[in-house]
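> Based on these hints, arrange chain B on the given structure of chain A.
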Amino acid sequence: MDFLNGLIAFLNFVFVPGLAYGSQLALGALGVTLIYGILRFSNFAHGDTMAFGTMVTILFTWWFQSMGISLGVLPTALLALPIGIAATALFVLATDRVVYRFYRRQKAASTILVIVSLGVMFVTNGIVRLIIGVDDQNFLDGARFVITAGDFKTMTGLSEGLAIKSTQVLTVVTAILVVAFLFWFLQKTRTGKSMRAFSDNEDLALLSGINPDRVVQVTWILAGALAAIAGVLYGLDKSFKPYTYYLLLLPIFASAIVGGLGSPIGAIAGGYVIAFSEVTVTYAWKKVLGYWLPENLAPDSLVQLLSTDYKFAVSFTILIIVLLFLPTGLFKGKSV
Amino acid sequence: MTRNVWLFAGVAVLFILTGQLQSWNLSLSILNMCLLSAIMAMGVNMQWGYAGLFNTGVMGFAALGGLAVVLISAPAVPAGWAVGGPGILFALVVGAAAIGLAIVVYGWLPKGRTRTAAMLAVLIGGFFLYRYLFDPAAMAVESNDPAAAGNIGGLALPSLLAWPIGGVLAALAAWAIGKIALGLRSDYLAIATLGIAEIIVAVMRNEDWLARGVKNQTGLPRPWPVPYEVDLQQTASFLDGAATWGLDPVTTSSILVKLLYAVLFAVVLGLVIWGSERALNSPWGRMMRAIRDNEVSAEAMGKHVTRRHLHVFIIGSAVIGIAGAMMTSMEGQLTPGTYNPLRFTFLIWVMVIVGGSGNNWGSLLGALLIGWLWLIVETVGPGIMGAVASGMADGALKTHLIDSAQHMRLLTLGVILLVVLRFSPRGLIPEK
Chain A
931 MDFLNGLIAF LNFVFVPGLA YGSQLALGAL GVTLIYGILR FSNFAHGDTM
981 AFGTMVTILF TWWFQSMGIS LGVLPTALLA LPIGIAATAL FVLATDRVVY
1031 RFYRRQKAAS TILVIVSLGV MFVTNGIVRL IIGVDDQNFL DGARFVITAG
1081 DFKTMTGLSE GLAIKSTQVL TVVTAILVVA FLFWFLQKTR TGKSMRAFSD
1131 NEDLALLSGI NPDRVVQVTW ILAGALAAIA GVLYGLDKSF KPYTYYLLLL
1181 PIFASAIVGG LGSPIGAIAG GYVIAFSEVT VTYAWKKVLG YWLPENLAPD
1231 SLVQLLSTDY KFAVSFTILI IVLLFLPTGL FKGKSV
Chain B
916 MTRNVWLFAG VAVLFILTGQ LQSWNLSLSI LNMCLLSAIM AMGVNMQWGY
966 AGLFNTGVMG FAALGGLAVV LISAPAVPAG WAVGGPGILF ALVVGAAAIG
1016 LAIVVYGWLP KGRTRTAAML AVLIGGFFLY RYLFDPAAMA VESNDPAAAG
1066 NIGGLALPSL LAWPIGGVLA ALAAWAIGKI ALGLRSDYLA IATLGIAEII
1116 VAVMRNEDWL ARGVKNQTGL PRPWPVPYEV DLQQTASFLD GAATWGLDPV
1166 TTSSILVKLL YAVLFAVVLG LVIWGSERAL NSPWGRMMRA IRDNEVSAEA
1216 MGKHVTRRHL HVFIIGSAVI GIAGAMMTSM EGQLTPGTYN PLRFTFLIWV
1266 MVIVGGSGNN WGSLLGALLI GWLWLIVETV GPGIMGAVAS GMADGALKTH
1316 LIDSAQHMRL LTLGVILLVV LRFSPRGLIP EK
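Residue numbers (this note's numbering), protein chains in the order written: chain A, 931 to 1266; chain B, 916 to 1347.
Simulated from the structure, these hints should not be mistaken for lab results.
Just so you know, not all the hints are guaranteed correct.
[Stated by the list, open to error] Okay, the calculated bits of chain B under chain A, using three or more residues with CB under 8 Å as the criterion:
#1 1092 to 1106
#2 1156 to 1164
#3 1261 to 1271
#4 1325 to 1338
For every residue, glycine included, the Cβ atom is placed at its ideal position computed from N, Cα and C.
Extracted from the complex, chain B is given alone in its bound form:
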């Protein structure tokens, strides 16, 4: 127990040092990213630590969360919606109905050539009907003021509302993927989630009508209590407060905003940890661990392994989706081009494994530690590389070395993962 306290104290020192030596702004923005990653790590930990499910699609679920923020809180584009919004919705409903009909046909007809043919006919016919309805509607939406809008717009509702919706979207995707890939060999889930994540991000990049694609949706409102820096700097009470403490109002306003975010995220993180600790120590949690440790004997005890796996996979993905929504909310913009599997999937995995899979506190510690390392290298890495290469003559090799600082993180992360797996597979704070 004391060891764990020391570990957390050590990480706290890292953040304090960053604040003192670099700037508090940097330290707090790293902390915010770490807290968000910690929530994602909780989701991964539920799936991997509790149930032994290997989800390589964290990026996709986080991106779905971000999409929810745009759909819920972005300003409405009435003209865009009017020309094609209902048409797109109708096309999507028709597409879904075709898939549903195919499933009905599959259950209905006896096994054989007729069934295959009927199902294929429904699916192919449904696809063409869907494209026939969808294409003109999407085209109309995208041609509406493409420079500034070109999308169906959001509902202009509060950003906080988008967080649970992000969780719901991620949960739906997880349900679909889990229904297919769970119950088969464990590698299949890994490969299927890897694929679905790439597809979700590809859809967000290319479907301009949805969230403006790579044109990026900017100007998303901030979640409730967090004010804008500019407004703060014009508030009399804030300026008075800053003056009495002798602080620079500009820096203080951005620090205050980041602190508010940190508090907001910490509250959500706390709720997630509390909930999952409760779940872990309940009969449900013991059952999950029993399944993880020995599927055959759990099945023999009458537990429906695949269904339990599906539940925990959905819950974990929903948590990741919520964190993804929170991140987009904080950044105030959705930039589909920045989602990459390294940052959003594998970094989270390293956090969980280094921290201690199966232990929520371990995942939290891992998120704070690895997140700090990851982001601090981004800012000081090129400097260090430059110092290392300073003795060398100017030339291609030197610039190459300085440029390559960012790739060093990849290498370092891989080595950390391998070393931890080999020498301390239970992580920094092992499961009890």
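Next comes chain A alone, as it looks inside the complex:
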């Protein structure tokens, strides 16, 4: 019984939150890795692109709510999400047309593109703050929980409850659907294949008649859509604040690098590695260990390896370990 209770506490406080957070990071890292694979630079504006997509979604959610439209148990934000995706895709296409295309034609060094993306980050960030402000915005409605801790306890008779938030289920389901679609797109469609060819060897792809502009456009649309989805899911699960989205840049980059920059499957694996390490290291294990260990060994302290204030240190440490021992990442991304 104690073992089961401990297991439930573990699932409730570590596994389920980690799974949801990992899915959000994976979606974010997929966007970064796609841009890296095709356009060959680290896009520092990705966090703020996520914020932009979320902002548009929030505004439309509020509008729908004011008109009384809702999805019942599901959050209204899902209804507004397609608009957010479209707006983000248009926005990134516009930045590509106005900003990045010039440097691509010049064949500028990747560092220059990174600095340019920094400029785009400023502008995006400025737009977001100008429109929606810097404060926390909560835009979640509908049912909060799929199952609450209390219901779970009465159902199973255990003393520990397992609460599953609807946003967590939503995140994981959406992530699975999106990833399935993305892989189908990259593996099976003509455009997807040309994207992979372009990523593998640009010159060869050009020689075989692939239209680079189209590849780049599709990449931006995909990255924008991924950013909007990841941003909205993160915002629903936690809350929306522009500065938090800027800070997400570090775990997202860490995920992409851990998996191997340029490798989509690596980005997903990396997202979960980072998320689970972060949750495991910052969780206070006292409760779980109290169940699992014999009474005389039960810990007195919180058994928290690192305070939550340092959760960025976790992604950073993993990043450092990967850079030291495995610079191409778990799934052999682009060369060092």
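Then chain B, alone, in the frame of chain A:
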């Protein structure tokens, strides 16, 4: 050459106009911040302009400089130090020793599972030992008079001494990060420095025993020749002087203090510029530029590219650390909550790029110009926004617009950066 003189003259006019139209106090405090930013810009320029290294962690190195000021010049807290100071030091030494041992193990054992396992065992064991030693000591220090102290205190040494120490701290951090991230793809350095900067600031915010965290360390002494306004206002010779010139003693005292700071900063800035101009025009500088322009051919000529990069990265970061220490010294307090990447990292980058990367005078001009813009918008921005919105009816939109004036700077800064990169990538004063 004449063009450059005109550019600097134009910036000087901006400061004079601010002094005449607003107040000399404001103009001088903007100038002081600009001079400090200029020193940081010199550091960034060494890294980016000379060597092509992309450092997004300026904030962290500047914050380390600030930390040095607290550790060196803050008043001592003997009770706090007595209960846990040695314990914390010992724990830190043990932690460092564990990392050192792990490195030794890594070099010592043959590649394979045993090595990985041994290294992990050393690191994990070291971590728990470190926490076991560290936690009670830190707790004891923090519980010592938390409202007024709660930290280990400083050495109560002169503030000027903290400046080079700030540089040393920043250099150490730069060494660690450069050792790991240099020699890999250039983006990795950017991401790693972005991370280390956030972590340094997070440590300063949360570790109360170190520098009181977000409770802020106030009351740091001023660096040598700068007096306190209050003391000045009670000095007979100063009051006589002010009276003969017909000046208000209160305003004059604060202007005099700011002027002294400006002179002090200008001296340091001058030394940094002189040193880096000398370096740039030496064989070392030519080698650095050769590496920047073509790493492959420089390597073929027998230059150790990664090692040279590490050197210049450390030197540049040390300069940033010194500037960070000077800033905390001037403000007289360390407020970890105010460090944000926009003001401390990206603003400096915009200064370097707008001014002209690879050219020290360009970075100086960029720092003065962009710094002035940044700070003047802070004071007159809401007024302008209010004027723009004055025709509108009162309501949520109007207040939103006036409140959003500060976010306009972000947007403006981004647009300036993009426009300069696109149409004048070499900046206002291009590299020769």
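> Against each hint, give a clear statement of whether it holds in the structure.
Here is what the structure says about each hint:
Three residues within the 8 Å Cβ limit are the bar, and the region 1092 to 1106 of chain B against chain A gives 9, so the coverage statement holds. Interface restraint, the region 1156 to 1164 of chain B with chain A: violated (0 residues with C-beta to C-beta distance below 8 Å; minimum three). Only residues whose beta carbon comes within less than 8 Å of a beta carbon in chain A count, and the region 1261 to 1271 of chain B has 3; three or more means the coverage holds. Evaluation of the coverage hint for the region 1325 to 1338 of chain B: fulfilled, as 10 residues show C-beta separations to chain A shorter than 8 Å, against a requirement of three.
Of the numbered hints listed earlier, the single one contradicted by the structure is hint 2.
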